[in-house]
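Visitor: Read top to bottom, the protein sequences are chains A and B. Using this note's numbering, count along the first sequence one by one with no gaps and you end on 116. Using this note's numbering, count along the second sequence one by one with no gaps and you end on 112.
Since the hints were made in silico from the structure, they are not lab data. On a predicted model such as this, the values are computed, not experimentally measured, just so you know. Errors might be hidden in some of the hints.
Pairwise CB distance ranges, derived in the manner of DEER restraints [stated by the list, open to error]:
| id | chain 1 | residue 1 | chain 2 | residue 2 | range |
| --- | --- | --- | --- | --- | --- |
| 1 | A | V116 | B | S30 | 42 to 50 Å |
| 2 | A | N28 | B | T93 | 32 to 40 Å |
| 3 | B | T93 | A | R77 | 19 to 27 Å |
| 4 | A | V116 | B | R60 | 30 to 38 Å |
Backbone N, C-alpha and C define an ideal beta-carbon position, used for all residues, glycine too.
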Amino acid sequence: NAGVTQTPKFQVLKTGQSMTLQCAQDMNHEYMSWYRQDPGMGLRLIHYSVGAGITDQGEVPNGYNVSRSTTEDFPLRLLSAAPSQTSVYFCASSYSASRGINYGYTFGSGTRLTVV
Amino acid sequence: TQLLEQSPQFLSIQEGENLTVYCNSSSVFSSLQWYRQEPGEGPVLLVTVVTGGEVKKLKRLTFQFGDARKDSSLHITAAQPGDTGLYLCAVVTSNSGYALNFGKGTSLLVTP
C-alpha cells in the first residue's frame, strides 16, 4: 500500500546511545518532514526537506540530524539520546506546493521512543 | 508564541450532539488544513481550505475558513463514537519549506 512507512514502531534507548529512525515514502513526494509529539506541547517540527539533498532545521532541531540522499528516504538520527527526547516521532510527506498552496501531508504511524 | 490557538482543548459529548471546534490566529494564511488523529496513529488529513469564506463538507463534518483567512472552524453534526479523536488544525509557511505548523488540538470524546 502506498504511504509513509516508519520503523521501528517502538524503541527503548539508554541515555547516550545513538539510533536512526527510518522513514520511507513511495508516492514520489518532494516534501518530507519530521515532528515530535509530546503531551501539552502538540506536534512540533524537527527537520524538513524540500527535495533530495536539501534539508533544514525546524522548531526543535537540537540533538537530531537528517539527510535526504533519495526522494524516498528521510532518516532521523539521534546523536546521543537524552531523556528529554522521549516522545512519539512522526514522519510526513507531501507533494510540492502549487502556486504557494500545499494541499496536505501523509503521515506515518509513528515511532514511540523512550530514553531511560 | 503559538501561531494557532485551538479551542476547546477537551470536549466530551454524547452521541447525537452537535459540536464546533475553533482554530484562531492573528496571522493571515494562504490555506489551512484539518487533521484527525486516533490513538497510536499518525494524523490523517481531512480537508484543506484555501479561499476566505470557503465552506467544505465531508459527510457530517463542515469546515469553514474565515473571510480574513485568520481562523477556521469545524462543525460536526450528530456526533458518533467513531468521531472520537484529536482534531488538529495546521498551516504551512514558505519560510519553513511548507512544513506544517500545528495547533495543540481539540481532544473529542463521543460516548454512546
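Visitor: Each hint: holds or not?
Guide: Results of checking the hints against the structure:
1. A:V116 / B:S30: 42 to 50 Å: holds (43 Å)
2. A:N28 / B:T93: 32 to 40 Å: violated (24 Å)
3. B:T93 / A:R77: 19 to 27 Å: holds (25 Å)
4. A:V116 / B:R60: 30 to 38 Å: violated (44 Å)
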